[in-house]
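Protein chains in written order, with numbering that gives the first Met the number 0: chain A, 0 to 192; chain Y, 0 to 192.
It is worth saying that the hints were derived from the structure and are not from the lab.
Watch out, some of these pointers could steer you wrong.
Output of the computed footprint for chain Y on chain A, the stretches with three or more beta carbons under 8 angstroms from beta carbons of chain Y [said to hold, decoys possible]:
1. 41-49
2. 84-96
What follows is a set of in silico ranges between Cβ atoms, one per label pair, in the way DEER data are often shown [claimed, not checked]:
3. A:154 / Y:125: 31 to 41 angstroms
4. Y:42 / A:69: 44 to 54 angstroms
5. A:35 / Y:96: 34 to 44 angstroms
6. Y:125 / A:88: 48 to 58 angstroms
7. A:44 / Y:189: 30 to 40 angstroms
8. A:88 / Y:189: 21 to 31 angstroms
9. A:8 / Y:17: 33 to 43 angstroms
10. A:75 / Y:125: 39 to 49 angstroms
11. A:117 / Y:72: 29 to 39 angstroms
A few chain Y residues that don't get close to chain A, going by computed Cβ distances all over 10 angstroms [claimed, not checked]:
12. 23
13. 26
14. 60
15. 76
16. 77
17. 97
18. 129
19. 136
20. 140
The structure displayed is predicted, hence computed values, not measured ones.
In this text, a Cβ means the ideal position worked out from N, Cα and C, and glycines have one as well.
2 protein chains.
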Amino acid sequence: MPAEKQFDVDKVLDKAMQAFWVHGYEATSMQDLVDCMGVNRGSLYATYGDKHTLFLSALRMYDETVRKKMLAEFEARFTPREAIRRLFLAFSEQASPKGCNRGCFLTNTALELAAHDKEARRIVAEAQTQIEAFFARMIRKGQESGDIARHMDPSKAASGLLASLAGLVVLIRSRPEPALLQAVVDDAIGRLG
Amino acid sequence: MPAEKQFDVDKVLDKAMQAFWVHGYEATSMQDLVDCMGVNRGSLYATYGDKHTLFLSALRMYDETVRKKMLAEFEARFTPREAIRRLFLAFSEQASPKGCNRGCFLTNTALELAAHDKEARRIVAEAQTQIEAFFARMIRKGQESGDIARHMDPSKAASGLLASLAGLVVLIRSRPEPALLQAVVDDAIGRLG
DNA sequence: CGCCATTTAGAACGATCGTTCAATAAAAAC
DNA sequence: GTTTTTATTGAACGATCGTTCTAAATGGCG
Numbered sequence: 000m001p002a003e004k005q006f007d008v009d010k011v012l013d014k015a016m017q018a019f020w021v022h023g024y025e026a027t028s029m030q031d032l033v034d035c036m037g038v039n040r041g042s043l044y045a046t047y048g049d050k051h052t053l054f055l056s057a058l059r060m061y062d063e064t065v066r067k068k069m070l071a072e073f074e075a076r077f078t079p080r081e082a083i084r085r086l087f088l089a090f091s092e093q094a095s096p097k098g099c100n101r102g103c104f105l106t107n108t109a110l111e112l113a114a115h116d117k118e119a120r121r122i123v124a125e126a127q128t129q130i131e132a133f134f135a136r137m138i139r140k141g142q143e144s145g146d147i148a149r150h151m152d153p154s155k156a157a158s159g160l161l162a163s164l165a166g167l168v169v170l171i172r173s174r175p176e177p178a179l180l181q182a183v184v185d186d187a188i189g190r191l192g
Numbered sequence: 000m001p002a003e004k005q006f007d008v009d010k011v012l013d014k015a016m017q018a019f020w021v022h023g024y025e026a027t028s029m030q031d032l033v034d035c036m037g038v039n040r041g042s043l044y045a046t047y048g049d050k051h052t053l054f055l056s057a058l059r060m061y062d063e064t065v066r067k068k069m070l071a072e073f074e075a076r077f078t079p080r081e082a083i084r085r086l087f088l089a090f091s092e093q094a095s096p097k098g099c100n101r102g103c104f105l106t107n108t109a110l111e112l113a114a115h116d117k118e119a120r121r122i123v124a125e126a127q128t129q130i131e132a133f134f135a136r137m138i139r140k141g142q143e144s145g146d147i148a149r150h151m152d153p154s155k156a157a158s159g160l161l162a163s164l165a166g167l168v169v170l171i172r173s174r175p176e177p178a179l180l181q182a183v184v185d186d187a188i189g190r191l192g
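Whole structure, please, built from the sequences with the hints as guidance.
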C-alpha cells in the first residue's frame, strides 16, 4: 500500500513521545515503540531513522508542541504573575498519588541523558534558557504594572524560579503528594511579593 | 582463593554506586559493573544478588554515606543559615562546564526509576522527606537565633527549599554554568531574609 | 595431611537488544 | 499498460543483555 505513507508522521511521532516521556530513553525498547506507534519496524526506521534520532525528534516535538505552546498561551492570556502561576499549576495539578506521573519530558531527559548526550543537552538547555527568559520577562512586566515586587532582580529571580519548577517536576515523580506540590507552588509564587 | 572474600564488600559496592550515579540504572550494564568493580560475575551475583538488588544497595549506600553524613556534618558545624547554604554549595561547586556532572544520585533515580519502581521511590521519598525536615529544623532554629526571617512558615519554606535543591541538581546536569548555579543558590538563601 | 566449605573464574545460557534486508504490494510516471 | 518508484511487512541478523552453571582453587577444620 505504498508510494504514499499509510500513517500520519506527526501523529505517530506523538505516540513515541508519550512512550519516551513515561519510560525514558533506555527503558523504552524498539519493540515497545513498534507496538505503541502501530507502525512496522521497517517503516519506522525508514521514516524516523534509528532509535536515538527518533528520540531526539520526539524531544523536539515536545519542546515545540508542549513547552513552547504552554508559555505562549499563558503569556498571551494572563497577567505576568498569573502566567507564572499557571505554568507551575500545569505541572502540580497533573500529578496524582496513584496514577502514572510522567512529569516533564525535558527534565526527565536532563537527568537521564543530558550529561552524556550532547544534542540532548543542547535541546534541554535551550528550552530551560527560554523558560528562564519567560520568567524574567514576566517579572519585569509585573514589576512595571505593580503586581510583582520591585525589589527583586528579574534575571536572578528567574533563575530561582527555573530551579523551583525543575524541582517541582522531580517531586512529582518521587513524591506526588498534592499538599507537598501545593506548598512548592505557593512558595515560588509567594516570592513574587 | 576462597573461604574468605577476596575483596571488601563495601568498598566494591562503592564502585557500583559511582557507576550507577554517573550513568543511571539502565545505561549501566552488568559488564560495566564487572569491569569497574573488579570482581567476577559469579562473585558479584553471590554477594549482591541481581542487578536491581545491587542498584538498591548502592542507592541505600549513597543515602547513608553521602546524604545523611552531609546533613549531620553541616547541622553540627554551622549556624542554621550557613548549614543550608553549605548544602546548596556542596552541589553547585561540584559542577564544571567541562567535566562529568553526576549531580545527585537520589535525584537522578527520582526521575529515572521512582515513577515505576516502588522500592526506589520509597528510598528517594524518604530521603527527600528527611532533607525537608532538615530545612524545617534549620529554619526554626535560625528564626529563634534571629538570622532567618521570622515571617516565613518553616515547613512550607522547607518544601520550597527542597524543590530549589532538586532543581539545582537538575540544572547541574543540563546547564553546568557557574553563574546560573550561583544565581540559584543566592536566590534560595536570599529567601531566608 | 585430607576433607569440606566457599569463593573464584570464565564459559555459556536463552532472551532481548537495535538494526537490516529481501519479498510483496500498490500508487505514480511514461 | 507497462515500468518505475516507494512503502510495507515480518523474518532474520549479530551483538549484547542479565543471569546461571561448572570446574578449579584455596583457606579452615578435623
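Now for the hints, and whether the structure bears them out:
1. 41-49: violated (count 0)
2. 84-96: Not satisfied, violated; 0 residues make the cut.
3. A:154 / Y:125: 31 to 41 angstroms: 36 angstroms, holds
4. Y:42 / A:69: 44 to 54 angstroms: 51 angstroms, holds
5. A:35 / Y:96: 34 to 44 angstroms: 37 angstroms, holds
6. Y:125 / A:88: 48 to 58 angstroms: 27 angstroms, violated
7. A:44 / Y:189: 30 to 40 angstroms: 51 angstroms, violated
8. A:88 / Y:189: 21 to 31 angstroms: 24 angstroms, holds
9. A:8 / Y:17: 33 to 43 angstroms: Given range 33 to 43 angstroms: holds, Cβ gap about 42 angstroms.
10. A:75 / Y:125: 39 to 49 angstroms: 42 angstroms, holds
11. A:117 / Y:72: 29 to 39 angstroms: For residue 117 of chain A and residue 72 of chain Y the Cβ distance comes to about 36 angstroms; the hint holds.
12. 23: Per Cβ check, residue 23 of chain Y is inside 10 angstroms of chain A; nearest 6 angstroms; violated.
13. 26: 5 angstroms, violated
14. 60: Consistent with the label, residue 60 of chain Y stays out of reach of chain A, its closest Cβ about 19 angstroms off (over 10 angstroms).
15. 76: 25 angstroms, holds
16. 77: At about 22 angstroms from chain A, residue 77 of chain Y clears the 10 angstroms cut-off, so the statement holds.
17. 97: It holds; residue 97 of chain Y is separated from chain A by about 12 angstroms at its closest Cβ, greater than 10 angstroms.
18. 129: 12 angstroms, holds
19. 136: 16 angstroms, holds
20. 140: 19 angstroms, holds
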